[in-house]
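J.: Kindly generate the complete structure, drawing on both the sequences and the hints.
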Amino acid sequence: MRILFVTQAEKTHMLSMVPLAWALRSAGHDVRVASQPDLREAVVETGLPFCAVGPPYALEQYLRAFKALESQHVDGEAGAGLGVTVDLDGMDTDELLELYGGVVNYWLRMVNDLMLDDLVALCRQWGPDLVIWEPKTYAGGIAAEAAGASHARFLWGMDVLTQMRIEIEDRTPDPEQAWERDNLARWLAGRAARYGVEFGESLVHGQVTLDPFPEEVQLDLGTRTSRRPIRYVPFNGAARVPAWLRSRPDHPRVCVTMGSSSMERFDGNHHLGDFLAALAELDVEIIATLPDEQSEELRTLPDNVRIFSHVPMQPLLETCDAVVHHGGAGTCLTAMSLGVPQLIISDLVMPKYQFDERVLAGRLAAQGASIELSGEDVTPARTREALRSLLAGSGFRRGAGLLRERMLGTPTPAEFARRVEELVMGGVRPDDPVPTA
503 MRILFVTQAE KTHMLSMVPL AWALRSAGHD VRVASQPDLR EAVVETGLPF CAVGPPYALE
563 QYLRAFKALE SQHVDGEAGA GLGVTVDLDG MDTDELLELY GGVVNYWLRM VNDLMLDDLV
623 ALCRQWGPDL VIWEPKTYAG GIAAEAAGAS HARFLWGMDV LTQMRIEIED RTPDPEQAWE
683 RDNLARWLAG RAARYGVEFG ESLVHGQVTL DPFPEEVQLD LGTRTSRRPI RYVPFNGAAR
743 VPAWLRSRPD HPRVCVTMGS SSMERFDGNH HLGDFLAALA ELDVEIIATL PDEQSEELRT
803 LPDNVRIFSH VPMQPLLETC DAVVHHGGAG TCLTAMSLGV PQLIISDLVM PKYQFDERVL
863 AGRLAAQGAS IELSGEDVTP ARTREALRSL LAGSGFRRGA GLLRERMLGT PTPAEFARRV
923 EELVMGGVRP DDPVPTA
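Reading the sequence shown from the start, the letters are residues 503 to 939 in our numbering.
Keep in mind the hints are simulated off the structure, nothing from the lab. Be careful, since some hints might not be right.
[What the hints assert, rightly or not] Heads up, simulated SDA-like pairs for lysine to any residue below, C-alpha to C-alpha not over 25 Å straight-line:
{"no.": "1", "residue 1": "513", "residue 2": "662"}
{"no.": "2", "residue 1": "513", "residue 2": "683"}
{"no.": "3", "residue 1": "513", "residue 2": "724"}
{"no.": "4", "residue 1": "513", "residue 2": "744"}
{"no.": "5", "residue 1": "513", "residue 2": "560"}
{"no.": "6", "residue 1": "513", "residue 2": "882"}
{"no.": "7", "residue 1": "513", "residue 2": "540"}
{"no.": "8", "residue 1": "513", "residue 2": "619"}
{"no.": "9", "residue 1": "513", "residue 2": "739"}
{"no.": "10", "residue 1": "513", "residue 2": "607"}
{"no.": "11", "residue 1": "513", "residue 2": "750"}
{"no.": "12", "residue 1": "513", "residue 2": "809"}
{"no.": "13", "residue 1": "513", "residue 2": "543"}
{"no.": "14", "residue 1": "513", "residue 2": "612"}
{"no.": "15", "residue 1": "513", "residue 2": "735"}
[What the hints assert, rightly or not] Derived CB-CB ranges, DEER-like:
{"no.": "16", "residue 1": "698", "residue 2": "924", "range": "26 to 36 Å"}
{"no.": "17", "residue 1": "532", "residue 2": "817", "range": "26 to 36 Å"}
{"no.": "18", "residue 1": "532", "residue 2": "557", "range": "40 to 50 Å"}
{"no.": "19", "residue 1": "742", "residue 2": "698", "range": "22 to 32 Å"}
Positions of the beta carbon are idealized from the N, C-alpha and C atoms, including for glycine.
T.: This is how it looks when you write it as structure tokens:
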């Protein structure tokens, strides 16, 4: 079969899909990846064929321009930013509608509108049997249906937009008003109609949703999505494992990371050096992964703090007793898959650039696998004491271990690849079990 993966030009989103793409390719299928031209080098480095669609995405340039504009406003009037902090508790309906509309109009349209024509043309010319798209690249579902292909949505984080849609519908008993309030559905309907595609819920959720998160962590959305669990396999791109990562150290080792895509959105009100110095007061070894420009500002740190511009995350976390990070989904999933307790401080990233970090942090904390710090608790001293608690005793290790066991009980990408033809032909329901042999 011909299988096309579609993603926006965000490297971390693409990397989460690579193990499944290679499982399908290894099973004999013809696999390609489509995205904006910005992602060409990152995709080619994985060994997968790349198809450019649309003009460059240039998100980081947009972020820098936005921050420059924002600096001209003393009271922060430049706007709400690109991301959202999704916390529906206590949010009034007008605020929820503004938030939902902003995500669609200023983020999803920026991702999808300019790539859609090229993507539809690619699908009609190449003729994929299956299109697998990440949850911000809705163009994938439209292009698939325009070309008569099956399609699946591949989650890499919390399904927060579905949660927001459900919340809006629950607050809007009148169907006509509910449609008017559903910016996502109306936008998709308008774009799909250009290519002769009628709007349906499959354009929102995919015909199947592939979800690497355990049910205990993912948002409970009932039957709204055809959820099919798939095991998360960590992949951070090409990497060399240094000799010092081949065994565990004598003292507890703690990883501190902001992920590979968040430093442009880092909250300058928090100085990383202060946090690292506070954590280093514990009897631990700190391994911090930071860009070179950040490392140059942190030259006076204790001897038990080591800074690297890049360390392969899976081999590193395999030797760690805890990880401290901002709540990025890739780091969360990698730590969960290895049973590593987490200290999540989402407010290290400016709230205007957050998306699902707080939601994910809260869900993990509820499972006893992590500690969440936010708001006034985000100080070096409180962070140190939270890490001390995380390392003490076995409770958090037990909670993290239970989540790891749940993830190991889900079908691997290879097992999905063995059933993919039946799925495309309509012979497999999303809730059917996948055999392991």
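J.: State for each hint whether it applies.
T.: Verification of the supplied hints:
1. 513 / 662: Roughly 20 Å separates the two Cα atoms, so the pair holds.
2. 513 / 683: With a Cα-Cα distance of about 32 Å, the restraint between residue 513 and residue 683 is violated, given a limit of 25 Å.
3. 513 / 724: At roughly 30 Å apart (the allowed maximum being 25 Å), residue 724 and residue 513 break the hint.
4. 513 / 744: 23 Å, holds
5. 513 / 560: 12 Å, holds
6. 513 / 882: 30 Å, violated
7. 513 / 540: Holds. Residue 513 to residue 540 sits at ~9 Å (cutoff 25 Å).
8. 513 / 619: 22 Å, holds
9. 513 / 739: The given pair, whose Cα atoms are some 9 Å apart, holds under the 25 Å limit.
10. 513 / 607: 22 Å, holds
11. 513 / 750: 29 Å, violated
12. 513 / 809: Holds - the C-alpha atoms of residue 809 and residue 513 are around 23 Å apart, at most 25 Å.
13. 513 / 543: 10 Å, holds
14. 513 / 612: 17 Å, holds
15. 513 / 735: 16 Å, holds
16. 698 / 924: 26 to 36 Å: Between residue 698 and residue 924, where Cβ atoms are some 28 Å apart, the hint holds.
17. 532 / 817: 26 to 36 Å: 32 Å, holds
18. 532 / 557: 40 to 50 Å: 26 Å, violated
19. 742 / 698: 22 to 32 Å: 49 Å, violated
Figure legend: structure checked against the earlier numbered hints; hints not met, in rising order: 2, 3, 6, 11, 18 and 19.
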